[in-house]
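Participant: One letter stands for each residue in the lines below.
Number of protein chains: 2
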Amino acid sequence: MSTYIFGHSNPDSDSIVGAISLSYLKNQLGEDCIPTRQGKISAETEFILNKFDGVEPELKTSYAGESVYLVDFSDYGQAPEDIKEATILGIVDHHKLGDITTSTPLECWIRPIGCSNTVIYEMYKSFNVEIPKNIAGMMMCAILSDTVIFKSPTCTKVDTKAVKELAKIAGVEDYKALGMEMFLVKSAVDGATARDLNTRDYKAFEMNGVKVGVNQLEVVDLSVFDDKKDMIFEDMAKMKEEEGLHTMLVLLTDIMKEGSQLLCISDDVSKVENAFNCKLEDNQVWLDGVLSRKKQVIPFLQPQF
Amino acid sequence: MSTYIFGHSNPDSDSIVGAISLSYLKNQLGEDCIPTRQGKISAETEFILNKFDGVEPELKTSYAGESVYLVDFSDYGQAPEDIKEATILGIVDHHKLGDITTSTPLECWIRPIGCSNTVIYEMYKSFNVEIPKNIAGMMMCAILSDTVIFKSPTCTKVDTKAVKELAKIAGVEDYKALGMEMFLVKSAVDGATARDLNTRDYKAFEMNGVKVGVNQLEVVDLSVFDDKKDMIFEDMAKMKEEEGLHTMLVLLTDIMKEGSQLLCISDDVSKVENAFNCKLEDNQVWLDGVLSRKKQVIPFLQPQF
Numbered sequence: 276m277s278t279y280i281f282g283h284s285n286p287d288s289d290s291i292v293g294a295i296s297l298s299y300l301k302n303q304l305g306e307d308c309i310p311t312r313q314g315k316i317s318a319e320t321e322f323i324l325n326k327f328d329g330v331e332p333e334l335k336t337s338y339a340g341e342s343v344y345l346v347d348f349s350d351y352g353q354a355p356e357d358i359k360e361a362t363i364l365g366i367v368d369h370h371k372l373g374d375i376t377t378s379t380p381l382e383c384w385i386r387p388i389g390c391s392n393t394v395i396y397e398m399y400k401s402f403n404v405e406i407p408k409n410i411a412g413m414m415m416c417a418i419l420s421d422t423v424i425f426k427s428p429t430c431t432k433v434d435t436k437a438v439k440e441l442a443k444i445a446g447v448e449d450y451k452a453l454g455m456e457m458f459l460v461k462s463a464v465d466g467a468t469a470r471d472l473n474t475r476d477y478k479a480f481e482m483n484g485v486k487v488g489v490n491q492l493e494v495v496d497l498s499v500f501d502d503k504k505d506m507i508f509e510d511m512a513k514m515k516e517e518e519g520l521h522t523m524l525v526l527l528t529d530i531m532k533e534g535s536q537l538l539c540i541s542d543d544v545s546k547v548e549n550a551f552n553c554k555l556e557d558n559q560v561w562l563d564g565v566l567s568r569k570k571q572v573i574p575f576l577q578p579q580f
Numbered sequence: 276m277s278t279y280i281f282g283h284s285n286p287d288s289d290s291i292v293g294a295i296s297l298s299y300l301k302n303q304l305g306e307d308c309i310p311t312r313q314g315k316i317s318a319e320t321e322f323i324l325n326k327f328d329g330v331e332p333e334l335k336t337s338y339a340g341e342s343v344y345l346v347d348f349s350d351y352g353q354a355p356e357d358i359k360e361a362t363i364l365g366i367v368d369h370h371k372l373g374d375i376t377t378s379t380p381l382e383c384w385i386r387p388i389g390c391s392n393t394v395i396y397e398m399y400k401s402f403n404v405e406i407p408k409n410i411a412g413m414m415m416c417a418i419l420s421d422t423v424i425f426k427s428p429t430c431t432k433v434d435t436k437a438v439k440e441l442a443k444i445a446g447v448e449d450y451k452a453l454g455m456e457m458f459l460v461k462s463a464v465d466g467a468t469a470r471d472l473n474t475r476d477y478k479a480f481e482m483n484g485v486k487v488g489v490n491q492l493e494v495v496d497l498s499v500f501d502d503k504k505d506m507i508f509e510d511m512a513k514m515k516e517e518e519g520l521h522t523m524l525v526l527l528t529d530i531m532k533e534g535s536q537l538l539c540i541s542d543d544v545s546k547v548e549n550a551f552n553c554k555l556e557d558n559q560v561w562l563d564g565v566l567s568r569k570k571q572v573i574p575f576l577q578p579q580f
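Quick note, the sequences are listed as chains A and B, same order. Just so it is clear: in the first sequence, position 155 is 430 by this note's numbering, and no numbers are missing. Just so it is clear: in the second sequence, position 91 is 366 by this note's numbering, and no numbers are missing.
Be aware that one or more of the hints could be misleading.
Same chains, same label: a pair holds when it works inside one copy or across any pair of copies.
Claimed, not checked - Pairs of lysine to any residue residues, derived as SDA-like cross-links and limited to a Cα-Cα distance of at most 25 Å, are as follows: (1) 554 x 402; (2) 400 x 302; (3) 532 x 556; (4) 554 x 330; (5) 504 x 491; (6) 371 x 398; (7) 532 x 508; (8) 359 x 486; (9) 326 x 398; (10) 400 x 435; (11) 400 x 504; (12) 546 x 579; (13) 486 x 362; (14) 426 x 330; (15) 570 x 378; (16) 432 x 342; (17) 359 x 378; (18) 359 x 575; (19) 532 x 477; (20) 513 x 452.
Derived from the structure by calculation, the hints contain no laboratory data. Small disclaimer: the values here were computed from a predicted structure and weren't measured.
In isolation and in its complexed conformation, chain A is listed as follows (with noise of 0.2 Å):
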């Protein structure tokens, strides 16, 4: 019987990859292992896949009875709806240890560094196997998505020399280029509805009892939200409603003037003004040098709560 292997739901590159470049290293060692995914593939996933002759894991929501290893998060929140019925053989993740529990050993690589795909890199040297070209290709772009080509400050010098080993195997001579390149396809919001923009990377936090969602756009030039704001924020107070959220959050992300420009609809506009020490004006702030919400929002949150 095959073990699946896949990462959170809303899934970003780092997700589709890992569950790709673990894969392989697991049926190198021995396994029978499927790369799979929760939900649809991002425009940046899919550059990537086209870029590295990847081939799009396949689509599964279910694992009741299976056994599957778990890339990138350690949530329920983030799990199939039956994984309490599935039998986790091992988490590889770079984030805070999350709420899921096993009723057997596992196997956990977790690390506090940028992208679990340098993790999945640390195993391929641990274990002495090779990682193939197009593979290795798509784990440098995994990592240049998720350390904001080395500006995020959760980049640590382990991700920068992952990326740079992994650009030789890749035969990538200008990783940056080709790591701008991608960000500009992450950009492209044109045609893109309210709800498509307020998904494209969501994530929900419990924080005491209540419900905190946190959205993150990442783009190389935050003017193309300029006609696109009012319909996010009447998005926003939608997706309040519907998913019974105390706070929605969306980050504006701007790589290159290195902030992000936060929307907020809240009950208590208070404690997102405590927890980034600012004033709110037309539910907007701009937050300078934030570009990391796991580093930079989620540990400012929460203590308010």
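For this one, chain A is given, so just place chain B on it according to the hints.
Facilitator: Frame of chain A; chain B shown alone:
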């Protein structure tokens, strides 16, 4: 500020030695770590420390405001009471994933193998740090203890290989003889009160809302309990009352005969009988081949609740 490294409450040899061996590794890597312990040291651990010039870690039960690494556990039930006020930098373990969560990214080295010190041995290799002779000896003993000198079903090839390599570093020729000597120390029950015995390797488990306590005593010859069973049963009933347990179990494990005499005081013995497909007589039963609480007891009990 120093970081503290400690194992679970009611520490076994793996917890104490793991705190020592992981602290040394982290210090070599430039962190400032101090091994501590949550409770008193067993006769077996004392034997190991004496044998290899080990220093008993300092007793420390409160960690609010501190940074910590956890060894050999990942659940709140075995953690200090104020663990939620500490920053958990990492977890090294070989059990199922427990209910501990963190608010910041961390480092987890968790493997489905026989002993946390085997995981730490792999960490030394991964960071290319030389293991001092005395620490190698202690790590070897911790692995021999957790794997019942390789007899436990939890023992893997990784564990046996680690013991062989650690024995070389420690200059121990006959590690199996040393293991037997250690288990003879562990077998000593003379002078121990019933409560000493019942808490020697006691762990409490939450099973669907009820609490199940399981203690394990590993000995070289079961006959040492012949004149102790009455007082053990009497005290089990007391512990069940005091701790609000649904079921209190004691495994008297004979490492030579390779099985366990199960003693049981329960609100519903049928759950225990169904778990092990057996019939209790005088509140006890011989479970042939059962050496591991983690692998051969808990996974069969859990589904009954």
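Participant: Between copies, within a copy, both or neither: which fits residue 432 and residue 342 at Cα up to 25 Å?
Facilitator: Between copies only: 22 Å across, 33 Å inside.
Participant: Classify it for me, residue 554 with residue 402: is the Cα-Cα distance of at most 25 Å met within a copy, between copies, both or neither?
Facilitator: neither (51 Å within a copy, 46 Å between copies)
Participant: With identical chains treated as interchangeable, where does the CA-CA distance between residue 400 and residue 302 reach 25 Å or less: within a copy, between copies, both, or neither?
Facilitator: So residue 400 and residue 302 pass the 25 Å test inside a copy (15 Å) and across (24 Å) alike.
Participant: Cα distance capped at 25 Å. Does residue 532 pair with residue 477 within a copy, between copies, both, or neither?
Facilitator: So residue 532 and residue 477 pass the 25 Å test inside one copy only (22 Å; across, 57 Å).
Participant: Is it within, between, both or neither when you check residue 426 against residue 330 at 25 Å Cα-Cα?
Facilitator: neither (29 Å within a copy, 44 Å between copies)
Participant: Check residue 326 against residue 398 for me: Cα-Cα at most 25 Å, and say if that holds within a copy, between copies, both or neither.
Facilitator: within (24 Å within a copy, 36 Å between copies)
Participant: One pair to classify: residue 570 and residue 378, alpha carbons no more than 25 Å apart. Within, between, both, or neither?
Facilitator: between (30 Å within a copy, 10 Å between copies)
Participant: If the cutoff is 25 Å on CA atoms, where do residue 504 and residue 491 land: within, between, both or neither? Let me know, please.
Facilitator: Classified as within; 14 Å inside a copy, 63 Å across copies.
Participant: Can you give me the call for residue 400 and residue 435, within, between, both or neither, at a CA distance of at most 25 Å?
Facilitator: both (16 Å within a copy, 23 Å between copies)
Participant: When no copy is named, should residue 486 and residue 362 be tagged within, between, both, or neither for a Cα gap of at most 25 Å?
Facilitator: between (28 Å within a copy, 23 Å between copies)
Participant: Checking residue 532 and residue 556: alpha-carbon separation at most 25 Å within a copy, between copies, both or neither?
Facilitator: Answer is within: at 20 Å inside a copy they meet the 25 Å cutoff, but 75 Å across does not.
Participant: My question is about residue 359 and residue 575: at a cut-off of 25 Å on alpha-carbon distance, are they close within one copy, between copies, both, or neither?
Facilitator: Cα proximity of residue 359 and residue 575: across copies only (17 Å, versus 31 Å in one copy).
The structure does not agree with the numbered hints 1, 4, 11, 14 and 20 stated previously, though it agrees with the rest.
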